[in-house]
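Residue numbers (this note's numbering), protein chains in the order written: chain A, 1 to 449; chain B, 1001 to 1067.
Any given hint could be a false lead.
Unchecked claim - Here are the computed lysine to any residue pairs in the SDA-like style, where the Cα-Cα straight-line distance is at most 25 Å: (1) B:Lys-1054 x A:Arg-288; (2) B:Lys-1055 x A:Arg-288; (3) B:Lys-1033 x A:Asp-275; (4) B:Lys-1043 x A:Val-79; (5) B:Lys-1013 x A:Asn-59.
Claimed, not checked - For each label pair, taking beta carbons as the anchor points, the in silico distance ranges come out as: (6) B:Asp-1004 x A:Val-81: 33 to 43 Å; (7) B:Arg-1039 x A:Glu-116: 56 to 66 Å; (8) A:Leu-303 x B:Gln-1009: 18 to 28 Å; (9) A:Arg-272 x B:Ile-1058: 55 to 65 Å; (10) B:Gln-1009 x A:Thr-48: 55 to 65 Å; (11) A:Leu-16 x B:Ile-1058: 46 to 56 Å; (12) A:Ala-128 x B:Arg-1039: 51 to 61 Å; (13) B:Gln-1009 x A:Lys-44: 53 to 63 Å; (14) A:Arg-229 x B:Gln-1009: 12 to 22 Å; (15) B:Gln-1009 x A:Arg-223: 43 to 53 Å; (16) B:Ile-1058 x A:Leu-95: 42 to 52 Å; (17) B:Arg-1039 x A:Ile-135: 48 to 58 Å.
What the hints contain is simulated information worked out from the structure, not anything from laboratory work. Quick caveat, the model's predicted, so the values are computed rather than measured. Glycine included, C-beta positions come from ideal geometry on N, C-alpha and C.
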Amino acid sequence: MLKPEEAQRPYTVSELSNEIRRTLRPLTAVLLKGEVSGMKRGAKGHYTFAIRDGQSLINAFLWADDARKVTTLPEDGQVFVFRGRVDYWSQYGTLRFVVDQVEFDDVGKLRARLEELKRRLEAEGAFAPERKRKIPFLPDAVALLTSPTGAVIHDLQETIWDRYPNMSVYVYPVLVQGANAPMSIARALRRCNAEGLADVIVLARGGGSFEEMYAFNTELVARAILDSRLPVVTALGHTSDRTIADLVGDAESRTPTDAGSRVVPKKADLQRQLDERRRRLDRDVSQRLARAAERLAVKRQRLLLLLPAIVRRRTERLARAAGELGRLSPVAQVARRQDSLRERGRRLDTAAAGRLAMAANALASRRAPARVERALAGRFAGAERALEHRAQRLVALSPDSVLARGYSITQDAESGAVLRAAAETRVGRHLKIRLAAGRLGAKVDEVQP
Amino acid sequence: MSEDLTYEQALEKLDENLKLLEDGDLSLEDALKAVEAARVYLKVCTERLEAARKKIEIRADPNDPTP
């Protein structure tokens, strides 16, 4: 029973509802710890669930906008620390805890889960250096997987173009934070590989707390990196811990500047490198040609020096050949045989003389002189007798005896011819007339044949 | 042959030929061959440097408009 003084004007439902809301208003930015149950996703992208402890339960609501921003989406049976405000929905008469941030209840527990994932991946060899893909020395194009709105993308682009002014860059916008980030990153990695526009991927984020970096510690992202055909370079900022993405990635850097220098060489350096080689090549060529020319000149000089000697040697050989040819000719052969015959003749004579001498010696040695003397004496006596006889005949036949008888012998004075007929001379010729004693010179006055 | 080479591969070939020329005892004919090859690889390297066309392209995912 209401007392009269208490009988004030009653609240309308709306008035009371507003009163409740006003009363609950201080309960904003409240941290509430509890286990999640009955997680449901609404048609507009929001989530409804209950947060409970052992005795109590409070309904919770997560707007779609906030759901995209939270580090992780609550899952049934897990304990989280939620930040939010208490709100009263007057049209439904329900009280809700409207969540705007979700944090892991127990970071230690999360780290333990992370360590477990790390161990599993390590056992698979996911961190092994030999598994890592090689970062191309000079890529055709670079893919950047990062938030399209952050400073990271600007810094990366700046660094890349500073080092390599004509490098192509493809940006794959991804969520780098929040519950949808792992899926967003994994999908972009797959797309990047499928499109093949670039040949190296930079996965970047500007650092953050352990919770903010959560996506890079998920198995989903780790698997997407491992499955990538293209090498992945991480650039996740200065964080207290290396993420799993860093461990499975092919190269790790911290800042966008680091990442830029990992994936793109300095073009000016390469140009210097090529210029240096071009100079070496040109130098080598000119030196080589100079050396070759020098060697040729030396050879030419030697040839010039050797030429007369060569010609002389050839001439001598020719002369020898001509001599040989002459020796073999028929005329020369006949001459040679004649010489040879003459030589034999000489040798025969010498041999005969030798023999005769030898025979003479042999004769001498047999006391030949005495016998010869006797024989010769006999011969001489015979010859004397023959001579005597002949002398007598000679006297008988000699003209002297005829002359003594008054005959004379007339001879031509010039020719000495004995004249036997007058016709054998003529008038004027001189004659010699031999008498028995003395001679007369006469001249023919008359011829009477 | 040289068409498929990356910058790094072509540079390696270029260096091989340079080393042959500088250390090797090549005949003039072989040396000229090495020089010709080196020049080809040098050209490939130079072309590779200029092959990229500066551009930036955003490859947004039509199925994932969230970012």
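A quick look at each hint next to the structure:
The straight-line distance between the Cα atoms of B:Lys-1054 and A:Arg-288 is roughly 41 Å, outside the 25 Å bound, and the hint therefore fails. Among the hinted pairs, B:Lys-1055 with A:Arg-288 is inconsistent with the structure: their alpha-carbon atoms are about 45 Å apart, more than 25 Å. At most 25 Å may separate the alpha-carbon atoms for a hinted pair to count; B:Lys-1033 and A:Asp-275 meet this at roughly 20 Å. For the hint pairing B:Lys-1043 with A:Val-79, the CA-to-CA distance comes to about 64 Å; that exceeds 25 Å, so the pair is violated.
Among the hinted pairs, B:Lys-1013 with A:Asn-59 is inconsistent with the structure: their alpha-carbon atoms are about 70 Å apart, more than 25 Å. Range check, B:Asp-1004 to A:Val-81: Cβ separation about 57 Å, and the 33 to 43 Å hint is violated. Roughly 58 Å separates the CB atoms of B:Arg-1039 and A:Glu-116, a value that falls within the hinted 56 to 66 Å. Checked against the given bound of 18 to 28 Å, the beta carbons of A:Leu-303 and B:Gln-1009, roughly 47 Å apart, lie outside it.
Our hint of 55 to 65 Å for A:Arg-272 and B:Ile-1058 is violated, since their Cβ atoms are close to 34 Å apart. Against the hinted window of 55 to 65 Å, the Cβ-Cβ separation of B:Gln-1009 and A:Thr-48 comes to about 59 Å, which satisfies the hint. Hint check: A:Leu-16 to B:Ile-1058, Cβ distance near 53 Å, so the stated range 46 to 56 Å holds. For the pair A:Ala-128 and B:Arg-1039, the supplied restraint of 51 to 61 Å is violated, since their beta-carbon distance comes to about 41 Å.
The beta-carbon spacing between B:Gln-1009 and A:Lys-44, approximately 55 Å, falls within the hinted interval of 53 to 63 Å. A hinted range of 12 to 22 Å holds for the C-beta pair A:Arg-229 and B:Gln-1009, which are about 19 Å apart. As the Cβ distance of B:Gln-1009 to A:Arg-223 is approximately 32 Å, the hint placing it in 43 to 53 Å is violated. Distance hint for B:Ile-1058 and A:Leu-95: a CB-CB separation of about 44 Å, consistent with the stated range 42 to 52 Å.
Checked against the hint of 48 to 58 Å, the pair B:Arg-1039 and A:Ile-135 fails, with Cβ atoms roughly 29 Å apart.
Checked against the numbered hints listed earlier, the structure breaks hints 1, 2, 4, 5, 6, 8, 9, 12, 15 and 17; every other hint is satisfied.
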